[in-house]
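Use the sequences and the hints to build the structure in full.
For the record, the sequence lines run as chains A and B.
Heads up: the first sequence at position 147 corresponds to 147 in our numbering, and the numbers run straight through without jumps.
So the mapping is simple: our numbering equals the position in the second sequence, first residue as 1, plus 1000.
Keep in mind that the hints were calculated from the coordinates and are not lab data.
Among these hints, one or two may not hold up.
[Said to hold, decoys possible] From the structure, some residues in chain B lie toward chain A, with a derived Cβ separation under 7 Å:
| id | residue |
| --- | --- |
| 1 | S1007 |
| 2 | T1177 |
| 3 | R1178 |
| 4 | L1181 |
| 5 | A1185 |
| 6 | E1188 |
| 7 | H1191 |
| 8 | A1192 |
| 9 | A1196 |
| 10 | G1197 |
| 11 | I1198 |
| 12 | Q1206 |
Cβ atoms here follow ideal geometry from the backbone N, Cα and C, with glycine treated the same way.
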Amino acid sequence: MQTPPAIELIGIDKRFGAVHANKDVNLSVAQGSIHGIIGENGAGKSTLMSILFGFYAADKGEIRVKGEPVRIKSSTDAIGLGIGMVHQHFMLVEPFTVLENVILGAEGSAMIGPALSKARSELTRLAHDYELDVDPDAVVGELPVGLQQRVEILKALFKGADILILDEPTGVLTPDEADHLFRILGQLRDEGKTVILITHKLREIMAITDRVTVMRRGEVVANYETKKTSVEELAEAMVGRRVLLRVDKGPSRPGEMVLDVRDVSWRDRKGVLRVDSVSLQVRKGEIVGIAGVSGNGQSELLDLIAGITTPSAGEIVFENSVYGPDCTPRVLRGEGLAHVPEDRQHRGLITAFDASESAILGWHWSEALGESFHLDREKVINRCKEEMEEFDVRPPDPLLKSAKFSGGNQQKLIIAREIKSNPDLLIVGQPTRGVDIGAIEFIHRRIIALRDAGKAILLVSVELDEIRSLSDRIIVMFAGKVMGERPGDADERDIGLLMAGVTKEAA
Amino acid sequence: MLEILFSPETISSTVRMAVPLIFACLAGLWSERSGIVDIGLEGKMLAAAFASAAAAAYFGNAWIALIVAIAVSVSFSLVHGYAAINQRGNQVVSGVAINMLAAGLAVVLGNEWFREGGRTPQIPPEAQFAVFNLPFMSSLTGIPVVGPYLNVISGHSILVYLAFIFVALSAWALAKTRFGLRLRAVGENPHAVDTAGISVARLRYQAVIIAGILCGLAGTYLAVALQGSFVRDMSAGRGFMALAALIFANWRAWPSMWACLLFGYLQAVGLRMQGVKIADFEVPVQFINMLPYVMTVVLLAGFIGKSIPPRASGIPYSKDR
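As structure tokens, this is what we get:
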């Protein structure tokens, strides 16, 4: 007898007001398989999984779990059916220990004592079976993200999940940690568990899944057996047109030095050395990429170069003049430095502002926008309109609130603002975090065009692929230090090791 | 001077002054550990004080007075809960509204019912709580020096003992029970609780109801046990002092008790220092009364380090993030 699919979704439909998030979605996930769901941001993947996990109710459609029609009205129902979910933003109580997090919602009795000891032995078993080691008494908030994710998986398994949904699980992991996660998922599948992997990274789909479903604008547009498809085919299905996955770029022609960072260190308020004697140079006409796992001092380095913070030691030279004590971001902008900050929502724009207002932030003092203290609204709007046209921001409405744009379009708005200022040096943090493939392609092209126009670019990204496809030189940071420099076409393994703090000498 | 600071009477008075603080502080503890900021402790306590005094005067029974007070206090809690949980309103605004409402309502109703300028009639002794004498205590008082101090733990109203029992109970329930675990979790990360299949709203309502009950006890103790009647604004900032104690104690039960005892001690000393002169200089009572607040600021600023509130406190919960 054939085993029924672990999950069957039939004709699922969901609207949020005017947004049609899921249109008549059909999906079938075989038991004991790893099934990928891929699509751009806003394609409806997360909504679909939230329906499956009881977070939202579908307007129409039927859900079957292991062949049985079910109604999932809450997470409790989903958990009861053996469905576990590892959310993109972890659902952990940070001051709690691992054990406390694991038993939350599955305490069994009014007293937590018995559940705690049961969880302790269960965790030992799971650690042994699936390489899921984690100290049960550690405080979760103090664990690195990779381990926090393991706690999420343990939570689901402890509650008896045999269908595990993972939403963008690798966004926060190093390549090594991601490999470890995939090994764990592989073992879970071999034990007969079903894994649903939601991602927008094509490489992960190819590496680990058995089957893949592609979603676009709320619809399922294709189903493939992973072995029989290719990255190109998937990308085309996702975006709905052909996409260039690797950016075409010619050789760089580095010119004179624009930025010279000399032995710069920075301590945070607690006295912790976050940037440790970093030296680097950026020349005209080249892109220098800083690779590293998030939290290894890259963000702090960007802040130092942007003039937001002041080095504790060392000096920064921009266009032959050393940063003085009065080197504020505004002064530096005036001298030709543009900055696309890492945190788009908090630093890149003001979400409550109109797009046109967000589009002048940092340049609002410019005489081109109005005389003295006066801001000429018409000029502001017209300027924004032009930028939107040139950078393909959708919808091209300067009066729409910044918050209403998708991540990719917000980013295009910011990049337009910074590039249009005609800078000598552009520093960019995470240019494509949370941005759709289509927009990524566009942003990458613009960055390369800026380089080819003879400008200097310093790029920080946690996406190794992005660093490798854009950079002419790659600098790897770990624990605040520069671990080494590699050419733009360096081997991925090699850079991955440096990102983990392993140098050739030590390895 | 010294005999005031360390006399058995002062210590005994410390315990009595600390009790309403302890009840209110525990109320704040339960509410805020669930993520609901409760600045309306003061108002709930005052409303309960008025309700209990009025009920005691009318029914002539302390226990009925307590039940009425708890009912009134819990209904105020539920208003706060509705504003904070269902309507996702600003919790500070809602708390302030409760404080103002209680202060005004008590005087208006008191005036209408008793016509004594907002006061309630003196509660007859038979309508007050019985004094509870611990057994064996009388035989111990004979011991020199220590004897009188041992006596401070005996001869109080039953509510005094209840307050200390509730401290132990709260500490235990938060640490060891399923309810406590979930309640702590919902104050730190309600999303985690929701995805674990537990109702955030239900937990938070349970917490504000507990806070209401405890404020009811605080108010009843104030009016029926300590004062013997209701006078306007009789809570006199104790709700805020309890909040200070809560911050001071870093939102934990046993340290809350110690903080309240400390503040109670300062109040007790303040009462006894009235008119006392140090080297011909009369210490202003206001100076002593100021001490709990000054201490909170000074100690938090420098000595005990950072006090970390529950992470989700004051933030209305909504599913999407």
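*asked:* Just to be careful: measuring from the Cβ of E1188/B to every Cβ in chain A, is the smallest value less than 7 Å?
replied: Given a least distance of 5 Å, the restraint on E1188/B holds.
Quick check on the hint: G1197/B CB to chain A CB, less than 7 Å?
holds (3 Å)
**Message:** Interface hint check: Q1206/B, Cβ to nearest Cβ on chain A, cutoff 7 Å. Holds or violated?
**Reply:** At 14 Å from the nearest chain A Cβ, Q1206/B fails the 7 Å test, so the hint is violated.
Evaluation of the interface hint that places A1185/B against chain A, nearest CB under 7 Å:
holds (5 Å)
key: Hinted contact A1192/B with chain A - closest CB pair below 7 Å   = holds (4 Å)
| Is the interface hint for T1177/B satisfied, with its Cβ closer than 7 Å to some Cβ of chain A? | holds (6 Å)
| field | Supplied contact hint for I1198/B, tested at 7 Å Cβ to chain A | value | holds (5 Å)
(Q) Just to be careful: measuring from the Cβ of H1191/B to every Cβ in chain A, is the smallest value less than 7 Å? (A) Holds: closest Cβ of chain A sits about 5 Å from H1191/B, inside 7 Å.
Min Cβ distance, R1178/B to chain A: is it shorter than 7 Å? With Cβ-Cβ at 4 Å, under 7 Å, it holds.
Against chain A, run the beta carbon of L1181/B and see if the smallest gap drops under 7 Å. L1181/B check passes; min Cβ-Cβ to chain A is 5 Å, inside 7 Å.
Under 7 Å, Cβ to Cβ, is where A1196/B needs to be relative to chain A, so tell me if that hint holds or is violated. holds (3 Å)
| said: Is the interface hint satisfied for S1007/B? The criterion is a beta-carbon contact with chain A at less than 7 Å. | reply: Check failed: Cβ of S1007/B comes no nearer than 42 Å to chain A, outside 7 Å.
In terms of the numbered hints stated before, the structure departs from hints 1, 12, listed from lowest to highest.
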